[in-house]
Amino acid sequence: MFYVIGKYITRILDEIGGSTKMIGSCLFWLTHARFEFHQAVTQSVIIGVESLGVTALTSLFTGMVLALQAGNTIGNIFGDPIFVGTIVAFSLIRELGPVLTSVVVSGRAGAAVTAQIGTMAVTEQLDALYTLGTNPIRFLVIPRMFAFIFTMPILTLFSNLFGVIGGYLVAVYSLGVPSEVYFSDITTFMDPSDFMHGFIKTFVFAFMIGTVCCYKGISTRGGAEGVGKSTTGAVVTTIVLILVLDYFLTAILTALGL
Amino acid sequence: MIEIKHLKKVFGSKQVLKDVNLTIPKGKTTCILGGSGSGKSTTIKCLIGLLQADGGQILVDGKDVTKIRSEVELARLRRRFGYLFQEGALFDSMSVGENVTFGLKYLTNVPVKNYPKIVREKLALVGLREDVAKLNPSELSGGMKKRVSLARVLAVEPEVILYDEPTTGLDPIMSDIISDLIIDLKNKLGVTSVVITHDMRSAFKIADQIAFLYEGNILLCGTPEEFRTTDNPYVRQFVEGSSQGPIQMKLMKE
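Same order as they appear, the protein sequences are chains A and B. The first sequence runs contiguously to residue 258 in my numbering. The second sequence runs contiguously to residue 1254 in my numbering.
Source of the hints: derived by calculation from the structure; they are not laboratory data. Quantities reported herein were computed from a predicted structural model and do not represent experimental measurements. Watch out, some of these pointers could steer you wrong.
Stated by the list, open to error - Pairs of lysine-lysine residues, derived as DSSO-like cross-links and limited to a Cα-Cα distance of at most 30 Å, are as follows:
id: 1; chain 1: B; residue 1: Lys1134; chain 2: A; residue 2: Lys21
id: 2; chain 1: B; residue 1: Lys1008; chain 2: B; residue 2: Lys1063
id: 3; chain 1: B; residue 1: Lys1018; chain 2: B; residue 2: Lys1005
id: 4; chain 1: A; residue 1: Lys21; chain 2: B; residue 2: Lys1063
id: 5; chain 1: B; residue 1: Lys1014; chain 2: A; residue 2: Lys7
id: 6; chain 1: B; residue 1: Lys1008; chain 2: A; residue 2: Lys7
Chain A on its own, in the form it takes in the complex (with noise of 0.2 Å):
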């Protein structure tokens, strides 16, 4: 039972320490070598352009449902669908829009980005970047950070729009609020500090899934086998650590006055 408690806090302990040290060899390589630029921008298309579509769909349905189940609580209780624009933008903004972003964006391109270079890992391919003059966390690990960082915020960004339009269409169509009352009822109750507010968490995410998905890659060992685990661990660590930090983030953030 120890036994069992102390593996599997060392093996924690073993990845937060990896996890640091690969950052600080990010922050080392950023200054001391030429920035992959072409790397970065192929990245961003595959993380962030190709995971637009999913995060759309996403966020639509969130918002479309988000608005069914306020309209019709509000209704059952004040017998007027009204706030439903507030209550859908307010949702998004703030807390759905990062967190469904960041789950998507993690499960689709955090386990492909595990699984590549961990397929990379297992075949040689790591140290033959050493061989050729450059090295897996300037070739791989901060073009992949970049693109998570960069497109992150933006993908959240199209996110609550997909999401309000959604919670737009359920509200106006089918709950039959005036579109004008459901844009005054955002315009009215928002201010910048929500915004704020979930692009802090959109970029404190994005920089945990590069982290958690590249090192998972990069230690990746045993075969195909070991690719699998890796990429299954990659994905679950992230979608754990969205939720918790979630948590803490709302926690400090209002906290803070946003």
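Following the hints, complete the assembly by docking chain B onto the known chain A.
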């Protein structure tokens, strides 16, 4: 010249290299023989700092590689070496042409406009046609992968080439073609070669010097002729490829 002195390497509780001593002469081909898991690849990975040695020295022109801790200095050391990986280690997200020119960007000042010419030349040097450059590594056979990998190494014109089992998994004819290539490269370009292998036919053909690695130590180092005539029962058994002998007895004891 490369000198390996009292090299040690431990993985967990297993000491893979106990006391490896070997001198690799400049411009010659040295073959390191040994069974699977005997530490041949570990030795050459320590040589270019892909693995950190746990003891001993590796002197490359008098400079001790095992003492280098700086990534920048290690990168500078690796510029002098080319490494042919066992499975080729071609980047599967790139075409053959991009693989061949990959090192040029980081290790040389060759202008990009010269890349197509270099691809053509290096592919020709390893006996491949120019149109292979457009293919992806997944479309290549095992032998072609090894030759493309060798073309990638040759593109950056290293002083020393480390070959990790260059003939493993290839048919006898392709193995012989690869052996001829190694000899040609030594003769034409004067490179120092270190070849990890357990292919005796290839070793006798290409080597100027052979070292036999067994249980973490170099058991015998000499010319191919000395290996053919040695009385050492371990080496004799390995050279003859016999299942009967001290190596088998040792395995049975374990």
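A quick look at each hint next to the structure:
no., hint, verdict
1, B:Lys1134 <-> A:Lys21, "violated, 38 Å"
2, B:Lys1008 <-> B:Lys1063, "holds, 18 Å"
3, B:Lys1018 <-> B:Lys1005, "holds, 11 Å"
4, A:Lys21 <-> B:Lys1063, "holds, 27 Å"
5, B:Lys1014 <-> A:Lys7, "holds, 20 Å"
6, B:Lys1008 <-> A:Lys7, "holds, 28 Å"
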